[in-house]
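Per this note's numbering, the very first residue in the sequence shown carries number 5; after that it's consecutive.
Be careful, since some hints might not be right.
Unchecked claim - In silico EDC-like pairs for lysine to aspartate or glutamate, Cα to Cα no more than 20 Å straight-line: (1) K35 with E134; (2) K103 with E74; (3) K60 with D41; (4) K174 with D135; (5) K69 with E46; (6) K109 with E46; (7) K138 with D121; (8) K64 with E74; (9) K138 with D83; (10) K148 with D83.
Calculated from the structure, these hints are not laboratory results. Note that the structure is a prediction, hence the values are computed from the model and not measured.
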Amino acid sequence: MIKRRISILSILAIFILVLSTTVLADTSVSKTKKIIDGINVELILDNNGIKTGINKLTIKLYDNKKHPLENANIKVTADMPGDNMENMKMAHTTPKSVKFNPTNKNGEYTGNISFSDKGTWRVKTNFTVEDQEKTVYFNIDVNKSDINWYPIIGISAAIILIIVIVIIRKNKKLPSYENDF
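Whenever a hint applies, use it, and build me the whole structure from the sequences.
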C-alpha cells in the first residue's frame, strides 16, 4: 500500500515539476518601429527585455504599403553612448558591426548581438535598399542577466524525491540475522 502511494506521488510530483518549468517560459516579443524615407524599419526583440550576453535581434523592412523589402544589406552596431552613467563602469571597447542574414520570411533579417553590460545601448542599423544607404538608431535598455531558477529548482526537487524513494525502500524491514551467530 505504501509502495503504491509513493509511486503515485512520485509520478505526480515529476509531472507537476515538468509542467511548472515549461509553463513559466517567456515567449513574449517586443517591437520598436522607425520610419526613414518611406521605409518602415522594425526592430524585433525575442524576449520582453534584453539581457546582458548574446541576444537574437530581428530587423524587418517594409514600405508604406506593407510590402517587404528584400535583398537588403544590413549591418548592426551596438554601443553605449558616452553620456550614459552605466558606461563609466564598463571598459571602453570598440563596437563590433554584425551582418544580419535574411530569414525564411521576406523582409526579415536576423543576427546575434552581444551586450556586455546593463544600461541603455544605442543600436545603429545601416542598410542598403535599391542602392540607397540608410541609417536608423534604436535605444535599447539592457537588463542584467538573471538566472532562471525554475529548471534548477525542478531538477533539484526531482533528485531529492528520487533519494527519498531510495531511502524509504532501503529502510524496509530487513530479515534479522541476530540468531544465526
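These are the hints, each one checked on the structure:
1. A distance of roughly 25 Å separates the Cα atoms of K35 and E134; the hinted pair therefore is violated under the 20 Å criterion.
2. The straight-line distance between the Cα atoms of K103 and E74 is roughly 15 Å, inside the 20 Å bound, and the hint therefore holds.
3. Between K60 and D41 the CA atoms are separated by roughly 26 Å; this puts the pair beyond 20 Å, and the hint is violated.
4. The suggested pairing of K174 with D135 is violated, with an alpha-carbon distance near 75 Å, which exceeds 20 Å.
5. For the proposed pair K69 and E46, the alpha carbon gap of about 15 Å is at most 20 Å, so the pair holds.
6. Between K109 and E46, the direct Cα distance comes to roughly 14 Å. Compliance with the 20 Å bound is thereby established for this hinted pair.
7. Pair hint K138 plus D121 does not hold up; C-alpha atoms about 28 Å apart against a cutoff of 20 Å.
8. For the suggested pair K64 and E74, the alpha carbons sit about 10 Å apart, so the restraint of at most 20 Å is met.
9. For the suggested pair K138 and D83, the alpha carbons sit about 18 Å apart, so the restraint of at most 20 Å is met.
10. Proximity of K148 to D83 is assessed by CA-CA distance (about 16 Å); at most 20 Å being required, the pair is judged to hold.
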